[in-house]
Structure formats: C-alpha cells, structure tokens
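A.B. asks: Okay, here's what each chain looks like letter by letter:
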Amino acid sequence: MTATAPLGTNAIDAPIDPVTVAVIGAALRAVVGEAGEALRRSAHSPIIREMLDYSCALFDATGQTVSEDANIPALLGSMTYAMPHLLAENPPETIRPGDIFIGNDPYRGCTHTLDIHIFAPVFDGERLVGWVGNLAHHTDIGGTNPGTEGFANQSIYEEGLRFPWVRLMEDGRENTALMRYFENNTRDPVSSMGDIRAQIASARLALRRLDGLIAKYGADRLGDAMAARIEQSERRVRAMLSAVPDGSGRAEGFLDNDGLRDDPVRIAVEVTLAGDRLVVDFTGTDPQLSGGMNASRTATLAAVIFAVKAIFDPEAEQTAGSLRPVEIVLPEGSAVNPAFPAAVSLRHLAAQRITDTIVRAAADFVPGLEVAGSFVGFSSMAAECRHPRTGLTVVMADDLGGGMGGNGRNDGLSGVDPYLGNVGILPMEICERQYPIRILTTEFVPDSGGPGQHRGGLGIRRIYEFLDRADVVFYTEQTRAEFAPWGAAGGRPGQPARLVLEQADGRCTPVMKKRVLVGPGDRMVTETAGGGGWGDPARRDPGDVIRDLREGKVTIEALSGAYGAATSSDVDK
Amino acid sequence: MRKIGVDTGGTFTDCVLFDEERGRVVVEKVPSQPANPEQAILDGVQRVTRLAGLSLAEIDVIAHGTTIATNIVIEETYARAGVLATSGCRDVLEIGTQQRPQPYALMHAPKPVLVPRDLRAEVAGRVDAEGNPLVPLDEDAARAAVRALLAEGVEALAITGLFSFLAPMQERRAAAIAAEVAAEVGQPLYIVVSSDVSREVREFPRFATAAINASLAPKLDPYVRRLDDELRDSGFAGELLIMQSSGGIATAQRSMGERAHHLVLSGPAAGVVGGVDVCAQAGIGELITLDVGGTSADIGVVVGQEPRLQFEMDLPNGTPLQVPNLEIETIGAGGGSIAWIDAGGALQVGPRSAGARPGPVCFGLGGTEPTVTDAQVVLGRLNPAGLLAGGLRLDREAAVAAIATLADRLGMSVEDAAMGIVSVMEANMAGAIRRTAARNGDDLRDFTLVAAGGAGGLSVAALARDLAIPRVLVPRHPGLLSAAGLLNAPLRHDLTLPILIAGEALVPDDLLSRQAALEAEVARALHDDGMPAERCSFGHALDIRYFGQEFSVTTPVTPGEAVADILDRFHVAHERVYGHSAPGDRTEVTALRVNGAGAVNAMAGFDHAAPAEAKSRTRRVWFAEAAGYVDTPVVPREALVPGDSLTGPAIVEQLDTTIVLPPGRRAQVDPRACLIIEGIAE
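Keeping their order, the protein sequence lines are chains S and L.
This note's numbering puts the first residue of the first sequence at 1, with every later residue one more than the last.
This note's numbering puts the first residue of the second sequence at 574, with every later residue one more than the last.
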C-alpha cells in the first residue's frame, strides 16, 4: 500500500478534519457491512445466502455513492448508475421519509431484471441528507425461461417483470398492490417475497444506523464527511493514475456467437491514459445482438470499474469519486450499450469478455501489468429435473471455472472463476443427493494451460451422468480456438472449452449453447478452457517443467511441442 | 486439587496455578520460545509451582492452550502427506470451491495446496449417493499407489472417497491395505480416512479436513508426547489436558492422531471460555469477549453462558476445516496496527501491523512507522515509565516524533492525530462487533463487553458507549483470561451421525435408540478419560432444514421429546438465525449430534492479596471529551478491593494491562475484584 502522496492544500481547505472523516468513514463502512450481514442472514435464496450475490451501499443527498461493499465484483457500480435514473423520475420535492423505491430495469440503470434494487431516503427532520440502498439477485422474476435468464431471448419482454423507480413502501406502509402483483408473477414466490422482505429489513437497519450517526455528528458534519470521502477517493485514483506513464492500448475480444446464430461478436476497446485521466472507448464494437447476451449499459460500466480497480488500485474503496477520472465511450445500439428493447439477461458472458479485453488493451502500456488472458466462458448447466427421493420438480445449477492467465511472477491459477465472477462449484455430493445427476469426475484437464514461461492455469473436466429425464440448458464461451484465452509476451493461448453431449444411444454432439431434453444414461462432458501462457515457453524454468510433468499437469507428449527440445533433454536427465 | 493453566501466546506464555486446598491463585508470565514452545511451558510451570511453594509432584492437572497447530497452519510447515482418492476425486483438494482468495488480483499469487498433485493418487472405487457400492475398490491399484507414495517419502496418508460419510467401507479397506503395505515396506505411515474425521456431506471440506489432519498429526504427536515426557521427567504425575477448538478440553492422548486438527484454535478458544467463567461468577450469561493483542482483535459471542459453536471454520488460507469450534471473529486491529495516509489523503489504521518485532516506535526495537500503541503513549494512557512493571520501557519522545510526521500531513496537532488513530481503530472494532452481532441477529443491548488480552482494557469503555452495550467487565487479570479459562473448561467430546429423514417421518423410538447409542459412545470416551459418571452431562441436537435447502440449523433437543415439539423449536431457531420461518413447510433431518461434557472442579476465582498501599499518582492524559489533557488519577489495580468505586477520568494500571475510564464513567469493583462499568454516560 502506498502512504506517500502529498496532501497539497486540500487538508487546509477541508471544512472538516481528516480524523472525523476517517471515523465517520469507518462508521459508514460498518453500516454497509452490517446491513449486508442482515440481508444475507434473512434472505431466502441460497444464491444470496451462500453465493453472496447481493450488495449494499450508502449515498449522499444528491445520490453520489459514499460507501459500497464488493462481495461480488460484477455488482460494483450497479447502484451508482441506477441512482440518477431514480432521481430523474422522482423529483426531490416528491420524496418523503418512509419511502422505499424499487427498480430492476436494465433500461433504467440496472444490469439485468434479476437484480432487484431498493433505495430509501435518509431524512434529518424535513431535510434529505442521504440514501441507503441494496440489491439482491432473485432466483426468478418471470419471463420465458425458468430462472429468467436465456441466451436465446430476443427482447427484454422475455425477461420478466420490470419495476420502474416506483414506491414499494410509501410513508412506511407497504404498497400491497405492487407486492401482490410481484408475488403472482414469479415462479418462486416464496423466495421472491422472502428475499424482498430481507432487502427491506436490511435497508431499514441501515436507516436506523444513519439516524444514529446524524444524532451523533449532526447532518452537516455527516454531509461534509461524505463529501470529503468522495474527494479523497477521487484524489486517490487520480494519484494512482498519475503514477503510471501516459499511454494507450487497443484490443479486440470476441463472443463465440450471439446465442442464436453462428457469427462471432466483436468487442473493441481502446484504453488511453493521459495524466490523471483514463478514457475507455468501445468504438468499433459490433452492433447489439439479437439474442440475450448483450451487456446492458450498466453491466458494461461494472466491467470497466472492475478492470480499472484491478489494474490500478485493487485496495481502494469504491465511491462516486473513484469513477470521476474515468471517461467511458459507449456506442449507442452496440453489444456493450444496446438500445431498448434488446434482451440482456445473460450479460455476464459479455461483461467477462469486456473486462478481459480491457486488461489486454491496458497490458500494452501499463508497466507491471504482465498478464495473459483468462477463461471467460463460465460453462454453465441448469437442469429442471425430479428430486431423487420425492419426485418433486427441482432446478439444478452449476457453473464451472477454468484457467487464469499466467503472469509476470507466477503460473495462472487453475480451475477458478476469474474477473467479475467468483462463484463456487457445486459439490458432487450435494448434486447427487438432491438431483438425479451423478458426477463421474471433477479433475484438471492436463495440457489445457497455455504454454509459457509462466503457464496458464488448467481448465476443469466434469462429467455429468443423468439418471433420469431432465430439461437442460448448457452454455459456454471460448469453444473456438481463435477466441481461447490469449497468450502474452510470447506465451501461447490456452486450450479452448469443449462441451460434448454423449447420449446413451452412442450419439455424440458438440455443444456451445443448447437447450435439450436428456434421459437416463446420457452424459455431458464439460471441459473448460485453460488460461493463456505468459512469456516465451523456452524460458520456463526446467524445475517448473519437471514439476508439471510429475504432477501430470503437462504430459510428456505435449511437452516437446510446447516447451522445445532444450527442456525435454533436461527432463530426460 | 491443584491445577495449572498454561497458555502459549505469541510473546508470552502465561501460567495460572490454582490451589484448591489453600484457596490460592498464583500467576506467572515467561517469554514464549516459538522454536521450542515446550521449553517455555516447562519453565513457566516450574516457576509458578516454585512461587506457590509447591513441587510439580503435588500438581494434579496441567491444562494447556497451545498455538503449535495454529502456527503450523499459518507457516505451512506441515508434515509430508499423501492422498489416496477413489474415482473422480483426485483433484477435489486442489480445485476446492473454485473461488479466488483475492477477487481483484489479476496477477494472483499461487493458491496454497495442502498435498501436491503428484502425491495424490486415484484408484477405481465408488459409492453412490445412497451409500451402495457402485464400483469396487481396485485393491491392486491401491497397493501400488501406496507403495509409490511411500517411495516419495510421505509420512502420512489421507484416504478420501465420495459418500464415505454414509458408507465408509471402501475408505476403511483402502486404509487396511495402506497399513499392510507400510508394514511390508517397513516405513512408518500415519493413516487417516475422511469418514473418521468428519461425517458431514460435501466432499471438499471433508477431504480437506482429512488432509489437514494427515499434515498435522506427524508433527503434533511428537510435540504432545515430548511435552508429556518432559513434564513427567520433572516430577509431574498428574493428567496433561489440552484445549480444543470447541472450547472443551481433552486428554493429551486424545489430542493426537485423529484429533490433531482439533487443536487449531486451541489458544483463542481458551480466552472465550475464560470470559464465560468470569462472567458466570458475576451472574452474567450474555457476553462479548474482546481480546486485543499486538496484531489482531478476537471477538467471541456467548449466549446463555454457551459460547457460540460452529462445525466448520476456514483456515487463514481459506481451506475449510470441519471441526467443532467457537465462532470467533478476528480483525487486524491491535496495539501494533500501523497508521498511514493513503494516496487520497485518507487516514487509515491497519491491517498491517508492526507486531512484536520491530514493534511500535516507542519500543525502541527498530520500528519506524507510527502505531496505535505509540498513539496511546502520546495520549498518556500507557505509562511511559514502562509496561509489565517496568519490564518494557517506552520511549515517549520517539512516539511523539513518529506521530508528529503523520500529524503534519493531516494538518493537526500531535494529540489530535493520536486520538484520531485510536478512534479509527476503535471504529473498525465497533464495525466488526456490529457485523458479528448482525450475523446471528443478536441485540447488543443484551450483552456485557469483556476486556481481554493486553490491550482490551484501553478500548472497552469507549467501545461500549459507541455500541450502546450497557455493561463492561474487566476481569482481575485480562491478560491471563485464557490461562484461567483452561482451568475451568470441561472435558468434552462431540459426535455426529449423518442421516436423511423427513422431519415429519421421524419415529420417536427409533430416534431415541440412535441418540442413546451415540450418547453411550460419548459416555464411554469420558469414562476412558477417567471422568466419573456423576460429573458427566450430555447435550443432544438435530440438524434440520426446510426441504430443498442446502444448509441446516442445529436445533437442541431432549431425547424422548415429541417430534412436533422438536419441529416447533426448529421453526423458532430458523426464525432467529435467518429472520424468517415457514411452519407447515416440509423439513428434513440431516444429522444427529451429541456432546458430552465432564465438569472439572471450577476455580473459585482469583483471590487478591491485601490491598496494596494506595500509591495513586496522577498523570496528564488526553481525553477527547475534554479536548485536551486532564490531570488523571492513575490507580494501581491491586489497590482496588471489592466494593470500591471509581469515577473517570481514571487510568487503572496492572502488570498485564492498562484500563482507561473516560471522564464521567463510573466503575465498581465487584466481589470477585472485576471492574464493572455500567451506564452509558455522555
């Protein structure tokens, strides 16, 4: 961590002393943390409770983010970009104590309909002094597919209920009509109601805590401290950016297809650093897709925020100030900023590719950013099937990670969910006890990591065997060799992902994105991609080569091709 | 009965001797010896025994809280272990949850792997989800694999198979084969099967638990034996007991082998148990212990005199360990936490710490960055003449100079900056306590905050006011709370039996007989430990969940009670833990749990020597409430006797800690010589 930047004149001009700012800052962070624990504790869905797919944040009176948690990187900034839409649709004079607003519309600042945001104003008497907010990923919000997401969706109208920024609570009373309507339009009303009530309870806890801070410090000092924190984080990001020499880099990344047809989709990005300003320009990106894999505007912004934070200052806290030095150019009607009513529910795959492409562009000129490309395919399977003991309908879901790119210091991590994601793998024993699906193996794919001085991480092979009929959706990215995780600094690309459906009758079908009915004895063989290699493979330390061979992470057959004869002869010894 | 509690910490090894016959307590602190922890223990035990005018032969029990397992885990100085996995499992240990420890690191450091892939062998063998054999164990392949691993020099072997918690036969058979091969080869091999160390569903945590056990046992067993031998060589003829992560205690014999991994949180658990005891004597059952040392603060929550227990924990590197353990939240905030200004000009405190070496600037051991301890010295809270009765001198000038650099950059006075550092650290602690409480739905207004460790007393009063915790308790010896906890911890055994039955389909007689069988197993273990039956008590629980959920709520039950009552209690427990419940929804019982505790003779509490000469002095101490220095009475702790009371501002000093009583706060000395600070004065 750096502790040396000069303070300049800010310390003298500041209307509030830095200690009070730090103490109030710690208190605000604690409110966000406590509200998050409360939401997690009382949420209904495992996706919130176990996979932490939720976020909490605090804002100043004008809706600027002051404090935000970062459990799941993909959620960063979602509330930040939603807030201006709420305020535009609800003028300040109409906002009253006891209001709680609800929204989830990707065309009103959210990333996809499943992430439901709520916001509540904080008042000191009659004066609006701030906002509290949270968002949670709901299991289902209606639409064409169970779980709402779908790569083949053709418009937002297939993606369930859309809440514009309307009142879920008014003057402290629940909007019963809205709640009843919500309850009757989701496939899992018990979870939906449980989760939304948990969100409300969490927001109210945050409101009580802010009331306490107002009582202790007064609304003026609280407001000053919020403003100072935003300024501090802007200064911090600018200092971090200034420390890097000016430069510019361009890169392109591709999706295998748009979910409906075979044509690849291009994401083009140029990253330019000049002094303490960064421009991320997506000009040249393909037009929006006809399927459901568009990155909604906010999803793209989240991918940018993640990349900027990870590249320049991973330890920084996220506030409105951290975004100010960054200008983002998003062509209208493109895959990264689609026009209404494009479908966006599966925005995650494109968002991962966006981050990956920004990192690739930045690696051109940011000293010390020595890294190759990672797996962004997120191989997923969702199966609607019968519970083995009760026969009730249940939905199984599993997402597999792959290899991270090698980097200037180390080999890439094997079998992880990189960048914006960080979800857990479904335990085999849980899968087999709750679903009629047996997992025959979960193992690394040897030779899948891109060769390099520092090798790419390995992908995962998981074989599912169906013991009963099931309605299954599979999807992945990076099945095409040309789009596999890229090598850097002379390193080679990782092995692409490979999904094959092996049916009991002997038929074998390669799968990219598919919805299919399967029966007993059918198997799905999933192999995720390995990370790209970093640096010339010929410079790989012979000790590392030998360790890879001993561990079976690289086979002797693949070795001579990848690492050249010099190391092979070392191995013979 | 004469007992000694020995708690090994990072800097000191604390000893408390309790002599029941004479009603005496003698305490002693000796420097820890990280390279040879047993030497410090031996030294401490001998010195405290001598101080009490006794010989080791007259001591009946030595109870030990050890950090040796914790240190092996942190430093990754494990034994060389191998894994023998059955079909499809070889890489489970390395893939783990597939999550990255640092989600924002693009150039991620390697994830630690307990057993490298070349020491993990896989052979055919598979049990299905109902526990039926699906693929027979390939015994020839198993034999060959064990032979190869022995040739690689493994000292220990973990055997891991899917669904072994339902049907352990393949794992057991593989273990028998491994033992045969090791005997043939003539090489010692410690063998553990995953279903013996954990009977919980989910392969990764169970396999990881087995691998950790295998990686610890060959290192821990010799330590425990050596300690036992050396104590006996010095004349000790009583029983050596060791603190477990569960807050219970076990015989030395039962702290080895299969239970080696139960010692990972031995040290911190003792502190919480010590808090329970000292509060029980004051009639307090709901408490939060705040144990503040040099680098970190441990927060433990106790409800109804029971420390909150969980059945899984994460090691510092993220590896899960399935073992009963006290839920303790640790944050990087302590005396050594470093204060710094980030690139944006924001004041930050920790998580980096100067630790014991180089330590705070005022220690004069080479530290150059200002720490919380330096701030406390500047503010006059810590005695510049030295801590530990002059054993550690403090350089106030150096502390002032270090803080002044920071103060200049912040544009404020040295005292304001020092107060700021303390306030930021306390705000971080307050945040951690709030999060811990929120996780379980606890209301802080029901609790007492208990100061522990060398630095807890400096912050508890301020924190309690901030958190609206109505009462603070400072034990007579906060720095010795862990050692005292060791003397009172019950001998404890936990057993789990996994099942899968719909809650509504439970047959009371069937349940009762399973519970009786489990209880008999635990009772036998206590009997084998030499615990008389009349001192044993048993607690039963069922893990219950709503149908379709993955995680269960451990619900206490009484054997023989009606199923409807059990389910009612589950709904209530679910409401408490998760904030909602669904009476009428289908439920599933996933496990039976039983714990057996053998009560040890409780310690009467520290006695107190005759009141020392009231040598109260005053010192200039800076208080935020007064926005300046206040001439503050400095009271030696020994001078405070039951019934005394004290109004802040005041500083109370004793060998092992310093207590800050802010202006206007009132402290009373209770009959056990604990300081009680009540009321939220402003």
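Mixed in with the good hints there might be a few duds.
Simulated restraints, written as ranges between beta carbons of each label pair [to be verified]:
{"hint": "1", "chain 1": "L", "residue 1": "Pro-1156", "chain 2": "S", "residue 2": "Ala-177", "range": "24 to 32 Å"}
{"hint": "2", "chain 1": "L", "residue 1": "Ala-1155", "chain 2": "S", "residue 2": "Gly-218", "range": "29 to 37 Å"}
{"hint": "3", "chain 1": "L", "residue 1": "Gln-883", "chain 2": "S", "residue 2": "Pro-92", "range": "14 to 22 Å"}
{"hint": "4", "chain 1": "S", "residue 1": "Ala-243", "chain 2": "L", "residue 2": "Asp-701", "range": "55 to 63 Å"}
{"hint": "5", "chain 1": "L", "residue 1": "Gly-939", "chain 2": "S", "residue 2": "Asn-410", "range": "52 to 60 Å"}
{"hint": "6", "chain 1": "S", "residue 1": "Asn-175", "chain 2": "L", "residue 2": "Pro-1156", "range": "25 to 33 Å"}
{"hint": "7", "chain 1": "S", "residue 1": "Ala-274", "chain 2": "L", "residue 2": "Glu-902", "range": "43 to 51 Å"}
{"hint": "8", "chain 1": "S", "residue 1": "Ala-558", "chain 2": "L", "residue 2": "Glu-648", "range": "48 to 56 Å"}
{"hint": "9", "chain 1": "L", "residue 1": "Ala-1155", "chain 2": "S", "residue 2": "Asn-175", "range": "17 to 25 Å"}
Computed far set for chain S versus chain L, every beta-carbon distance over 10 Å [unchecked claim]:
{"hint": "10", "residue": "Gly-33"}
{"hint": "11", "residue": "Pro-97"}
{"hint": "12", "residue": "Asp-211"}
{"hint": "13", "residue": "Ala-227"}
{"hint": "14", "residue": "Val-326"}
Treat the hints as calculated values from the structure; they're not laboratory data.
Glycine included, every Cβ here is placed at the ideal spot set by N, Cα and C.
A.B. asks: Now tell me, hint by hint, if it's right for this structure.
C.D. replies: Hint-by-hint comparison with the structure:
no. : hint                               : result
1   : L:Pro-1156 x S:Ala-177: 24 to 32 Å : 27 Å, holds
2   : L:Ala-1155 x S:Gly-218: 29 to 37 Å : 44 Å, violated
3   : L:Gln-883 x S:Pro-92: 14 to 22 Å   : 46 Å, violated
4   : S:Ala-243 x L:Asp-701: 55 to 63 Å  : 58 Å, holds
5   : L:Gly-939 x S:Asn-410: 52 to 60 Å  : 31 Å, violated
6   : S:Asn-175 x L:Pro-1156: 25 to 33 Å : 27 Å, holds
7   : S:Ala-274 x L:Glu-902: 43 to 51 Å  : 44 Å, holds
8   : S:Ala-558 x L:Glu-648: 48 to 56 Å  : 36 Å, violated
9   : L:Ala-1155 x S:Asn-175: 17 to 25 Å : 24 Å, holds
10  : Gly-33                             : 5 Å, violated
11  : Pro-97                             : 23 Å, holds
12  : Asp-211                            : 13 Å, holds
13  : Ala-227                            : 13 Å, holds
14  : Val-326                            : 15 Å, holds
Hint violations for this structure: numbers 2, 3, 5, 8, 10, all remaining hints satisfied.
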